[in-house]
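Undergrad: Residue numbers (this note's numbering), protein chains in the order written: chain Z, 1 to 334; chain W, 335 to 666.
Derived by calculation from the structure, the hints in this document are not laboratory data. Think of the CB as a built atom: it goes at the ideal place given N, C-alpha and C, for glycine as much as any other residue. Careful, some of the hints might be misleading.
[Claimed, not checked] Okay, the calculated beta carbon distance ranges per label pair: (1) W:Glu397 x Z:Arg165: 29 to 37 Å; (2) W:Gly630 x Z:Ala179: 54 to 62 Å; (3) Z:Pro152 x W:Asn420: 51 to 59 Å; (4) W:Glu370 x Z:Ala274: 54 to 62 Å.
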Amino acid sequence: MSRARGWLLSKDAGGDAGATWGRALVWLLLLFAAPAWAASEWTIPVGESAGPPPLDPLDAAWTGAPAAAVPLYPQATAPGGLSRAYPKGHKSPLLQEARVLRGGGKLALRLAWPDATADLADPRATDRFADAAAVQFAPVDATLPYVGMGEPGRPVRVWLWRAGRPAESLTAQGFGSLARQPNEAVEAQARRTATGWAVVLRGKESADRPAAVAFATWDGAEEGRAGRKRLSAWRALAGMEPDGKLLEEARVGGDPARGASLYAEHGCAACHTAGVGLGPNLTHAGGIHWPGYLRRALLEPTAFVVPGYAAIMPAPPLRPEETDDLVAYLLTLH
Amino acid sequence: MSTRQLGMVIDLNKCIGCQTCTLACKSQWTDRGGREFMYWNHVETKPGQGYPRRWEEAGGGWEGETLKPGRLPRLAEDYGVPADFNFESTLFQPSDQPLRPLEAMRWGPNWEEDQGAGEFPNGYFFYLPRLCNHCSNPACLAACPRQAIYKREEDGIVLIDQERCRGYRYCVAACPYKKIYFNPLAGKSEKCIFCYPRVEKGIPQACAYQCVGRARHVAYFDDPEGALHQLVNVWKVALPLHPEYGTQPNVYYVPPLSPPTFAADGKPTGAPRIPDDYLRQLFGPAVDAALDVLQGEIAKKEKGGESALMDLLIAYRHGDMFRLSRPEGGQS
Ligand code: SF4
Ligand code: SF4
Numbered sequence: 001m002s003r004a005r006g007w008l009l010s011k012d013a014g015g016d017a018g019a020t021w022g023r024a025l026v027w028l029l030l031l032f033a034a035p036a037w038a039a040s041e042w043t044i045p046v047g048e049s050a051g052p053p054p055l056d057p058l059d060a061a062w063t064g065a066p067a068a069a070v071p072l073y074p075q076a077t078a079p080g081g082l083s084r085a086y087p088k089g090h091k092s093p094l095l096q097e098a099r100v101l102r103g104g105g106k107l108a109l110r111l112a113w114p115d116a117t118a119d120l121a122d123p124r125a126t127d128r129f130a131d132a133a134a135v136q137f138a139p140v141d142a143t144l145p146y147v148g149m150g151e152p153g154r155p156v157r158v159w160l161w162r163a164g165r166p167a168e169s170l171t172a173q174g175f176g177s178l179a180r181q182p183n184e185a186v187e188a189q190a191r192r193t194a195t196g197w198a199v200v201l202r203g204k205e206s207a208d209r210p211a212a213v214a215f216a217t218w219d220g221a222e223e224g225r226a227g228r229k230r231l232s233a234w235r236a237l238a239g240m241e242p243d244g245k246l247l248e249e250a251r252v253g254g255d256p257a258r259g260a261s262l263y264a265e266h267g268c269a270a271c272h273t274a275g276v277g278l279g280p281n282l283t284h285a286g287g288i289h290w291p292g293y294l295r296r297a298l299l300e301p302t303a304f305v306v307p308g309y310a311a312i313m314p315a316p317p318l319r320p321e322e323t324d325d326l327v328a329y330l331l332t333l334h
Numbered sequence: 335m336s337t338r339q340l341g342m343v344i345d346l347n348k349c350i351g352c353q354t355c356t357l358a359c360k361s362q363w364t365d366r367g368g369r370e371f372m373y374w375n376h377v378e379t380k381p382g383q384g385y386p387r388r389w390e391e392a393g394g395g396w397e398g399e400t401l402k403p404g405r406l407p408r409l410a411e412d413y414g415v416p417a418d419f420n421f422e423s424t425l426f427q428p429s430d431q432p433l434r435p436l437e438a439m440r441w442g443p444n445w446e447e448d449q450g451a452g453e454f455p456n457g458y459f460f461y462l463p464r465l466c467n468h469c470s471n472p473a474c475l476a477a478c479p480r481q482a483i484y485k486r487e488e489d490g491i492v493l494i495d496q497e498r499c500r501g502y503r504y505c506v507a508a509c510p511y512k513k514i515y516f517n518p519l520a521g522k523s524e525k526c527i528f529c530y531p532r533v534e535k536g537i538p539q540a541c542a543y544q545c546v547g548r549a550r551h552v553a554y555f556d557d558p559e560g561a562l563h564q565l566v567n568v569w570k571v572a573l574p575l576h577p578e579y580g581t582q583p584n585v586y587y588v589p590p591l592s593p594p595t596f597a598a599d600g601k602p603t604g605a606p607r608i609p610d611d612y613l614r615q616l617f618g619p620a621v622d623a624a625l626d627v628l629q630g631e632i633a634k635k636e637k638g639g640e641s642a643l644m645d646l647l648i649a650y651r652h653g654d655m656f657r658l659s660r661p662e663g664g665q666s
């Protein structure tokens, strides 16, 4: 039978301090892995300003503010579906300079980091992403939340700047839970520097003062958004945590070499290897995790499980000093 | 999978490419606020690159249990900028200039209208209206890291929660039909809502209700009298577009028949102008059987016989094409 019928017709017819940072500084920072922990490497100094700190990153007042160099590492873990973390090859840390000032009831952070191209939110583009930076705050608490956007019951506050869009104030309790806080005003001003961005984020110093901060940047040119970001470890805000317990946690006396043999003995790599995917990839564990978090993850592995992974890790049988050794080893992983 | 699933069947033998559906949708939902370039419903001419340009090569969908990577269409090159025209200088002032877009246009939703393929006298084309398929296994939903996309229990309509969306566009890349659009002004992704505010009142979707060709049937799958069950399950003449993408669409198409090709001597050959292979690429291997059934039923009707299938497809009464009764007491 012929199908040839129907109704169709035929076709007939500006200069910044960031500019001077070199590789040497990166290596210096990587020396954090040494067993003797100086508290300052896990803190960030807070300067006092007479009135509200300036919003303009180029304001002279910022030059006098104490600076900290913060390495940011590509996020290696992102749950579910498509690969949303950085593809392999994005390994090297990005060095950010952070300065904090408080005064006049306001808290402000000035972040400067290298980024060769300025990618702004473009009202005429559907396929481009904007550069962005965020500051994440942890409340004063005995335990710091998981650095990747907090965890259920341990929320974080977030100030977000996206190039070409108004700054946002948000909260999160884990991956995918980011929610706007429309009542909490946060302002931002950004400047291009010779090597990248300098951005000031400023908001009210709230009654529940933060104890620690962590940082993240997204590079629009790398289609950065969501988990495709670089992030830092928590840093205690110097002088803002009343009893100094957090910094106590940052002191790790263990021996990384002994920790390395324990890691091998207990077969940790069987799960924690990129590509195996049974446990989080630990490539940058020492770069993004607070020592206290690593200790908690060893002692109570199921107390918090990184989203996307099953709660299958048994608590390894470790003597207290062995836990310290293993934490010391994990802190060498960058 | 949702408890109930609303679906649509579009009869490609009846679509005349008038774009009434396109405009019914646009004037209702997408004529403002950064959506000007979006066509939640559009009608493209096949064969052709379509809208967005070369969407069939843009990836997305499923490979077994895994999402396939996809790329994001570009505004000017793949969707086409919504250009303004020189109305002021040509229509409201003395002028002999022709009416022209102010900005050079590079693509649009019906850019290749009526081009098709083949050489005279055997050229061919047909119209393919496209909208979100409100899939049963939506790749868009699976790709969203914020669970901002959800599928409604009561009718299977797939929606983006605008409060949760943060414009990451993993859904845009993941939808193999490229039926999610990023609104660059709002910074969020948007898509066809299957006219849910109308559907909740028992009123058919604007594209379906306005269709002058009586080409669009709307019904729930669990309605045994409905066109979806009848055409998809009983007669098996309505097929999903690109079933190999794995998303299990709920918009189905009655594939197009075509007139015979002519041989060099000018005699009709009996072979259809639209190559069977091309239709298999679009609708999968089941298209052969579907075309045979259609052919057989047409023949019956031509001989003065009865054909329930033809009566259903002809749609003597417009209102019979839409069966939207809902258990909560919506109108039927
Ligand atoms: S057609 Fe695309 S946008 Fe619509 S439900 Fe299916 S995968 Fe999602
Ligand atoms: S309104 Fe109907 S006939 Fe016209 S283009 Fe749309 S589907 Fe085809």
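Undergrad: If a hint holds in the structure, say so; if it doesn't, say that too.
TA: Each hint, compared with the structure:
1. W:Glu397 x Z:Arg165: 29 to 37 Å: Distance hint for W:Glu397, Z:Arg165 holds at roughly 35 Å.
2. W:Gly630 x Z:Ala179: 54 to 62 Å: holds (58 Å)
3. Z:Pro152 x W:Asn420: 51 to 59 Å: holds (58 Å)
4. W:Glu370 x Z:Ala274: 54 to 62 Å: violated (44 Å)
Figure legend: structure checked against the earlier numbered hints; the only hint not met is number 4.
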